[in-house]
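Peer 1: Letter by letter, the chains look like this.
Protein chains: 2
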Amino acid sequence: MKNSSQRQAAVRNFLSERNIGAFIIPSGDNHFGEYFQDYFACRKWVSGFTGSAGTLVITQKGSALWTDSRYFVQALSELEGSDITLMKMKTEGTPTIAAWLKEQLSESGVVAVDGNLFSKADYESLESSLCPLKLAITDDPFNAIWKDRPNLRFNKIFSLSTSVTGESTSVKLKRIRLQLPENEDYVYFLSTCDDIAWLCNLRGSDIPYNPLFASYIAITKERALLFVNNNVVDEGVRKELEKEGVELMSYELAGDYLLNLGKSVRLIASPDKISVSLYEKARSGGAAFTPDVIRGGVTGSLKAVKNKTEQEGFRMAMKNDAVAWVKFMIYLESEIKKRPNGITEFELAGKIAEFRAQSPDYRGESFSPIVAYGANAALPHYSPSEENQVFIDNKGFLLVDTGAQYLYGTTDTTRTFAIGDLSYEQKCDYTFVLKGMINLSKAVFPKGTRGSSLDMLARGPLCSAGKMYMHGTGHGVGHYLCVHEGPQSIRMEENPVELMPGMVTSNEPAVYVKDSYGIRTENLILCKEHEENTFGTFYSFETLTLVPIDTRAVIVSLLSDDEVEWLNGYHKMVCETISPLLDSDCQKWLAARCACIG
Amino acid sequence: MKNSSQRQAAVRNFLSERNIGAFIIPSGDNHFGEYFQDYFACRKWVSGFTGSAGTLVITQKGSALWTDSRYFVQALSELEGSDITLMKMKTEGTPTIAAWLKEQLSESGVVAVDGNLFSKADYESLESSLCPLKLAITDDPFNAIWKDRPNLRFNKIFSLSTSVTGESTSVKLKRIRLQLPENEDYVYFLSTCDDIAWLCNLRGSDIPYNPLFASYIAITKERALLFVNNNVVDEGVRKELEKEGVELMSYELAGDYLLNLGKSVRLIASPDKISVSLYEKARSGGAAFTPDVIRGGVTGSLKAVKNKTEQEGFRMAMKNDAVAWVKFMIYLESEIKKRPNGITEFELAGKIAEFRAQSPDYRGESFSPIVAYGANAALPHYSPSEENQVFIDNKGFLLVDTGAQYLYGTTDTTRTFAIGDLSYEQKCDYTFVLKGMINLSKAVFPKGTRGSSLDMLARGPLCSAGKMYMHGTGHGVGHYLCVHEGPQSIRMEENPVELMPGMVTSNEPAVYVKDSYGIRTENLILCKEHEENTFGTFYSFETLTLVPIDTRAVIVSLLSDDEVEWLNGYHKMVCETISPLLDSDCQKWLAARCACIG
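Chains as they are written, first to last, in this note's numbering: chain A, 1 to 598; chain B, 1001 to 1598.
Keeping only pairs whose Cα atoms sit at most 20 Å apart, straight-line, the calculated EDC-like set for lysine to aspartate or glutamate is:
(1) B:Lys1147 with B:Asp1038
(2) A:Lys134 with A:Glu103
(3) A:Lys442 with B:Asp1562
(4) B:Lys1447 with A:Glu494
(5) B:Lys1514 with A:Glu531
(6) A:Lys319 with A:Asp583
(7) B:Lys1263 with B:Glu1184
(8) B:Lys1156 with B:Glu1235
(9) A:Lys514 with B:Glu1531
(10) A:Lys514 with B:Glu1532
(11) B:Lys1588 with B:Glu1335
(12) B:Lys1174 with B:Glu1247
(13) A:Lys442 with B:Asp1561
(14) B:Lys1044 with B:Glu1080
(15) A:Lys395 with A:Glu333
(16) B:Lys1447 with A:Glu493
(17) B:Lys1090 with B:Glu1493
(18) B:Lys1442 with A:Asp562
(19) B:Lys1442 with A:Asp561
(20) B:Lys1351 with B:Asp1583
(21) A:Lys447 with A:Glu498
(22) A:Lys447 with B:Glu1493
(23) B:Lys1044 with B:Asp1148
(24) A:Lys514 with A:Glu425
(25) B:Lys1447 with B:Glu1529
(26) B:Lys1351 with B:Glu1386
(27) A:Lys221 with A:Asp185
(28) B:Lys1514 with A:Glu532
(29) B:Lys1156 with B:Asp1234
(30) A:Lys2 with A:Asp83
(31) B:Lys1442 with B:Glu1531
(32) A:Lys90 with A:Asp68
(33) B:Lys1134 with B:Asp1122
(34) A:Lys447 with B:Glu1494
Hints listed in this document are in silico derivations from the structure and should not be mistaken for laboratory results.
Please model the entire structure based on the sequences and the hints provided.
Peer 2: So this is what it looks like as structure tokens:
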């Protein structure tokens, strides 16, 4: 980027004024979520690199940007002319940030970061890896040097009734306090906006896709102080919160509040979800610190288990979503016939959003839609762009992975469509992915099972064919909240969180054949009680998603009788549930798509 | 037990002479293996309790014995008249040893243990849980108070040629040293007799079932000192060892050796496999300590991966074993006909050993044989006894779980026989166990997979029927060594060890219906390379065990086509491999038992 050198120079100026050797600019904000406002896009502003993951490091001698393999090509092109070295992560010969800095600086060198953007845990781990270099905290230099920096957005907050959330804030507070020390004065502090939104039964719109608002909350035995911008809460919402035991404070005052806790109070927070700046404020004021060591945090663990009302909300959201998908699929089929090689991925991405918007309860997309044709689908994180439109031919696969926010639930569905001729290998792959998806859907497992024990059920059929996908099988999903929500997961890697009745997780085995095609089939599944007997307690899954699975690519003989039965049962349920919501033409189409196989 | 009070009094006398408040007597010896010599059976001698797991604690006021649910009934009866309180572990209201001792002793109380019987890790964990009580190390009090204490046995050691082990000791030493610090003087010290036996290509017979000999080894950059009893090594073996770079030292001198290491040497050992006494000796002599943090230890991890020669040895052992099993199964069938309700579990346990002993390479049983009829099989650890003989009727299941040591491999096989009428539920359970066993046998999985990712393949079919087994699915197996060998396992619980080509593991799903019946089907499986391609490296299993599986209890319609195909393929392999080793009558029987189903 042509302006980059100038912007780096401004950062260097800031550093030399303070006698600092290097500055590290991460991706992210002070709330440690998946998305952040443009205000925080400093790394992009300086470097020109637009990818979602990347860390820029600036010294007086030079600059370097670390990113992962998804972005190597893009970064190389975007960094052109900037004099910034691309550091390809997990590639042989690439130094770590700490190793590189030790080469660049003298032993007494000081490295600095904006302490609002680093969690306590990340800061301490960086500090120890940098040794003997010193790590220091500075203010945000970009307020001064980024002249047209966007403003922070603080949009209106709206509240959800307990008919949607199933539980009042005061009851949630009570359940949280039950997990905190009984005999000690504490402040349990949250910076994670999704936890706060869940707890307070509020939603916002400060960032894309996740219905969140910038906030902190401090919970003591007696009080709950919600730190939000002064202009975002209406009088009605304020009164509701007050009734639930939540008082409002200015967003800007969270730091001062922690500074003034004093010595007799203990700060409890997740070390990876509180900024080192806020942590240091509390400590410098004298407060002791206890880490919230529960994976996902005390609040996050409660949030992950959806209550009956939330579960019902998911089911309603799935019905809305399925109607939109059916309309989309009919549109897709007819347009491909009408305009062979005339429709684009980008157009289709807009179309499914359009069909969803016909529901009055639709509140937007839950993530950036993936509509990927042919070889594009071999990139798991591909997103169609307006600038670079790709036309859809009448052969191979089209992969569509999209999700929505409804007033009472979040969806995330992937279907891969056989829109034309397929090779035998493509059909095999499609069938193996489906087998894995079905195996996991059907799982019955003892209480205490972790997701890592179930991953192989979904991955195994592909492995038997010598194929694999390099990502997890399932992520948690929020209730009209973040589509990627912890703490549970279903993946190869160990995650100590046990699957519990009420958790909603995705089920998305896949296969990616480089430069050729990609297949993914994804439902959301709800963990539920299955059976309790002398052998113990068993759980299983209810499939929430209600979208027909394209059977045209299935090689029926590769499915077991049980798998065929599951698939036919699924389609029967889809048809019975969705048909009443469709007009008669759509009903006919759906009945045909849901016909039994085998 | 009637003598117990007297023996406890002798221990109390020892304690009061030394101003010690309590003494903890564990089960085990100074080598931390599964079996130990009678010399170390002090807990049994004092308490009368004969179970394999239990810890006795004696204070001036009273005594208590902690054991697990397997032994509650037995312990209650064996402790009768001893005044020892039975502490039922994992039962509500049962205090931990530390909690109980804190109640029994004053705050300044001292608890003591024989430092040879506690690992450094266990000692330190006990020490911290006992605080503010002090923990101290004493000598073994039983040399003085146990008048007719058995002698320590040191039997002759014999060596195995590289045609059996596949690798010389000098090469093994080289591979071990490659994992130790290059730039520092170290003593890598092993107390684990199976690791030493593997490394030195030696075997012994000091304890039951495991062909081991009491020993330590100290490995430095230049030398390897094997500490064994002076009388157990013949001149020929001594010379062989010398050629391989192993020098002999007296078993008794291991402690002195560590004491004299001095300050410039670093002791490297597994904290859970070195006695706190030996560790303290090295430390008091000035040596620094580095824990061997590899799960299973540096040597144990190498030992777990069987080389091609060892794998071939397993295959030979399996052939011998299968011949004995076939003879046993024929004997069982004909005797049941001849003597309905006339044969006993105990007789059958002897019989299978007898058939095995017909092989010149047989070296004994690899564990205490389980022959369990009817409800007895519902106890996973049941062993038939001579005193309490159980006759076998012509109905239900007979479970036989036995294994052998051969000169070139170790076996461990369970078969459950339908020896008469079965209920529908019994047949379902048998089929679900078999499905699980087959699923795991057929698994294909990526490099890097841990056993916990595969357990559900074996456990799942039973869970779907609302049933479970409360033990792991698979344990590692040694090569003419311990039938229970680490570090890998296949179980629900997380174990970070990745399955590697060359590892031999059991595959033994099961179901236990209390007071009614038990079913277990167990093969040994060898992890091997399966495929390497652009998606990565995949592993799978070779089934080593060659014993027909009773198909009379199978409900074929519950098996998938793939499972039927696997079972028929397995029986074809068994028949083709074993038939040539049998006489014609046995061949006929085997062919019938290996007939295709479905």
